[in-house]
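Asks: These are the residues of each chain, in order.
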Amino acid sequence: MPAIQVTNLSKSYGEVKALSDVCLSVETGEMYGLIGPDGAGKTTLIRIIATLLLPDGGNARVLGLDTVSQYKELRGEIGYMPAVFSLYSDLTVQENLNFFAGIFGTTVKENYDLIKGVYHMLEPFKDRPAGKLSGGMKQKLALSCALIHRPKVLILDEPTTGVDAVSRMELWNLLHEIKNQGITIFVSTAYMDEAKQCDRVALIQKGTILGVNTPEGFAHMFPYKLFAVYASDIWKHSDAIRRLNACETAYMFGHSLHFATKSSNENADSLGQILKSIGIDAVVKEIDAGIEDYFIYQLSEK
Amino acid sequence: MKNVIEVENLVKKFGSFVAVNNLTFTVGKGEIFGLLGANGAGKTTTIRMLCGLLSPTSGKISVAGYDAYTQPEQIRANIGYMSQKFSLYSDLTVWENIRFFGGIYGLWGKALKGRALELVEDFKMHDFKDIMVESLPVGWRQRISLAVSLVHKPPVIFLDEPTSGVDPVARRMFWETIHHISSLGTTVIVTTHYMDEAEYCHTALVMVDGKIGALGKPGELKQKYVVETMNELFLSLARNGNTKS
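Going down the list, the protein sequences come from chains L and C.
Just so you know, the working numbering puts the end of the first sequence at 310, numbered straight through with nothing missing.
Just so you know, the working numbering puts the end of the second sequence at 1089, numbered straight through with nothing missing.
Where hints are given, some of them may not hold.
Chain L side only, calculated, beta carbon under 7 Å to chain C, not exhaustive [to be verified]: (1) P45; (2) D46; (3) L99; (4) D172; (5) A198; (6) Y259; (7) G262.
Cut-off 20 Å, straight-line C-alpha distance, at most; resulting in silico cross-link-like pairs (DMTMM-like, lysine to aspartate or glutamate) [what the hints assert, rightly or not]: (8) K244/L - E1072/C; (9) K25/L - E978/C; (10) K214/L - E978/C; (11) K244/L - E965/C; (12) K293/L - E978/C; (13) K204/L - E1076/C; (14) K873/C - D241/L; (15) K204/L - E1072/C.
Think of the hints as simulated: they come from the structure by calculation, not from any bench.
A virtual CB, placed ideally from N, CA and C, is assigned to each residue, including glycine.
For reference, chain L alone in the conformation it holds in the complex (with noise of 0.2 Å):
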């Protein structure tokens, strides 16, 4: 039995279709990671997983719980981590702990060892008002809150949007000892380049699951022969670039544009020598697409 199971699922919002047709199944003991922009449906999806959101259509089981007909069973055995910062701002660190461990039933104490890889870091902090805690500070707090009454599944709503480079590579390393426990992990980001921290990636947008697969897999699944190209002042060559016969898309990506084209017949010398034809010197490298190349072949298809 899959940890979590979708099947179907539609929302909307009025007029608003938040989520068309959704289906997908996450394996115990997997970090699995939902991808997309804002307002591709995540916090959607998240909410009616986590029992909080009825759908229009479909199901979604999480546990082989139903999340509508049996969400009372269900709330005691997933912790679920909001986007938006929910604990009580006014009472301290140790106090939220306290009262979120006694809501379901258990003590601090009882769960300290699943919760002190983050504990540890908010210890120094432990007697301040949650609202006085620092961004990154939050969220360790959040994560502990989530976890105190350790579940078998924990969901997290863009747990790394707005926090620095550093605190977000510190939250992915908890996630990891918290994966290591045995407890499956169903999280969104927005950030496509955080896919590499799970073991599988759906990605979506309006709605519409993309494609599923494991971080390395989406290489596969993108069509085209990619290249990256190196050259001073390429911004300046993006439109004349995208204008080439062979060109299917060109976007930069850090200090390289990575094109796309269909033709089979093209390799890094032959591209070279098309792009030095329109004056623009260059260092090729043919290269392999990564989750973002697929994410913008697939909007681009659109």
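Mind docking chain C on chain L? Use the hints.
Replies: For chain C alone, coordinates are given in the frame of chain L:
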């Protein structure tokens, strides 16, 4: 290159806490200058001083030729500002938004109309200038926000995490627009949490605990610190800092 921003030995203290500790840098005309750093490293404090919203404790700041101590109002009138939260009026058309914000900056009559037409031209907005903002895709709204924040022709524009949560195509479209306005001579100061975007800047300043952790062209910085990406550079610098959070 003529310097549009000059900062020398800039310090800002809040009580005994030194938020910005002896910054010195210059930004030239048309330069895209990335201001990076962990949360709490002093980016926001620096930007607020550069925008004339916060007075420095000591040191020199000049923005667009105006002094931050004596001419903060002139600075505010000569900069553009756009953040991820900056929103257009969604029930006005693109054209109406440009005219509304132009009016706020004191443009009117022929001058306002002329500037609005110029922006439509620069940002290639002919096809949808009469469309309601709410019915446009996110990527376009971002570009219109940027156009609107340039309505008073500021020599410098501040972009505070402009692409947060935006899809990968729209994010890149937006950066192409940034390079376009830079080529037209506007200086751009930008903050971001996407480290691949740090590579898109002409110059990057990585702040660590209120100080300069690294400053230079992304390519040269990567060589100097022997790293493949700006993300690696950022992590190694920020990890050595004492930055909380």
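Asks: Would you pick out the hints that fail for this structure and give their numbers low to high?
Replies: Hints 3, 8, 12 are the ones this structure does not satisfy, whereas the remaining hints hold.
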